[in-house]
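Residues per chain are reported as follows:
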Amino acid sequence: NAGVTQTPKFQVLKTGQSMTLQCAQDMNHNSMYWYRQDPGMGLRLIYYSASEGTTDKGEVPNGYNVSRLNKREFSLRLESAAPSQTSVYFCASSESRLYGYTFGSGTRLTVV
Amino acid sequence: AQSVTQPDIHITVSEGASLELRCNYSYGATPYLFWYVQSPGQGLQLLLKYFSGDTLVQGIKGFEAEFKRSQSSFNLRKPSVHWSDAAEYFCAVEGGNKLVFGAGTILRVKS
Chain B
89 NAGVTQTPKF
99 QVLKTGQSMT
109 LQCAQDMNHN
119 SMYWYRQDPG
129 MGLRLIYYSA
139 SEGTTDKGEV
149 PNGYNVSRLN
159 KREFSLRLES
169 AAPSQTSVYF
179 CASSESRLYG
189 YTFGSGTRLT
199 VV
Chain E
2 AQSVTQPDIH
12 ITVSEGASLE
22 LRCNYSYGAT
32 PYLFWYVQSP
42 GQGLQLLLKY
52 FSGDTLVQGI
62 KGFEAEFKRS
72 QSSFNLRKPS
82 VHWSDAAEYF
92 CAVEGGNKLV
102 FGAGTILRVK
112 S
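Keeping their order, the protein sequence lines are chains B and E.
With my numbering applied, the first sequence corresponds to residues 89 to 200, in that order.
With my numbering applied, the second sequence corresponds to residues 2 to 112, in that order.
Please note that a few of the clues may not be correct.
Have a look at the derived ranges for each label pair, beta carbon to beta carbon [to be verified]:
id : chain 1 : residue 1 : chain 2 : residue 2 : range
1  : E       : Thr6      : B       : Thr198    : 23 to 31 Å
2  : B       : Leu157    : E       : Arg78     : 38 to 46 Å
3  : B       : Asp126    : E       : Ile12     : 35 to 43 Å
4  : B       : Arg196    : E       : Thr6      : 40 to 48 Å
5  : B       : Thr93     : E       : Ser40     : 28 to 36 Å
6  : E       : Ser4      : B       : Ser172    : 18 to 26 Å
7  : E       : Thr56     : B       : Ser106    : 45 to 53 Å
8  : E       : Glu67     : B       : Thr198    : 39 to 47 Å
9  : B       : Pro96     : E       : Thr56     : 38 to 46 Å
10 : B       : Pro171    : E       : Gln43     : 37 to 45 Å
11 : B       : Leu186    : E       : Arg78     : 18 to 26 Å
12 : E       : Glu65     : B       : Arg132    : 21 to 29 Å
If you only want the chain B side, here are some residues facing chain E, beta carbon under 7 Å, derived [stated by the list, open to error]:
id : residue
13 : Gly91
14 : Pro96
15 : Lys97
16 : Val100
17 : Gly104
18 : Leu133
19 : Tyr136
20 : Gly141
21 : Phe191
22 : Ser193
Calculated directly from the structure, the hints in this document are not laboratory data.
Remember, it's a predicted structure, so these values are computed and weren't measured experimentally.
Where is the CB? At the ideal position from N, CA and C, for every residue including glycine.
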């Protein structure tokens, strides 16, 4: 089925460990996004990529890096995980501002 | 910068009753507005969107929303709530090629 695929779905890290969250879309969308969701705070934008080859910071970029590997894939890396990065991470993609975003099912990350 | 306020953290309604979820936005230009729904453990699903034209927009699952520029509001409504509507609802405004979300409203449906 067409959509946004995120891996892994669940992950537990120790403080200081690194990991990469993977995201791929098969809808030929130009724009891709990474959000984190925390209780009572809605979704906050970490990084986004308006098109292949470009990335920009969102509202909460500290502690994260991203790579737009190609048009399909947009990865999020935590270089040195901290407990404050415990959250649910969502990847999304968009064809244009007129259509809204298509979201993946999320990655639940716990940093202990 | 754009922002969204959803004043109600939790709302409980009886099955069959009507529903209105409030959303107020702040944006300097004509807003692109969205409502999303999130079931537990799931991603977000688009319910409806507003860009221009008719200020009353229809969405999926029997939801509608009305854009009121004078009140900077985009409230979500449903005439008769079903138990399956229990979920978290997010209002969002688009600006600068990115969506900004409100904090969400958790809807509980009692039978």
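Indices of hints not satisfied (ascending)
3, 4, 5, 10, 13, 14, 15, 16, 17, 20
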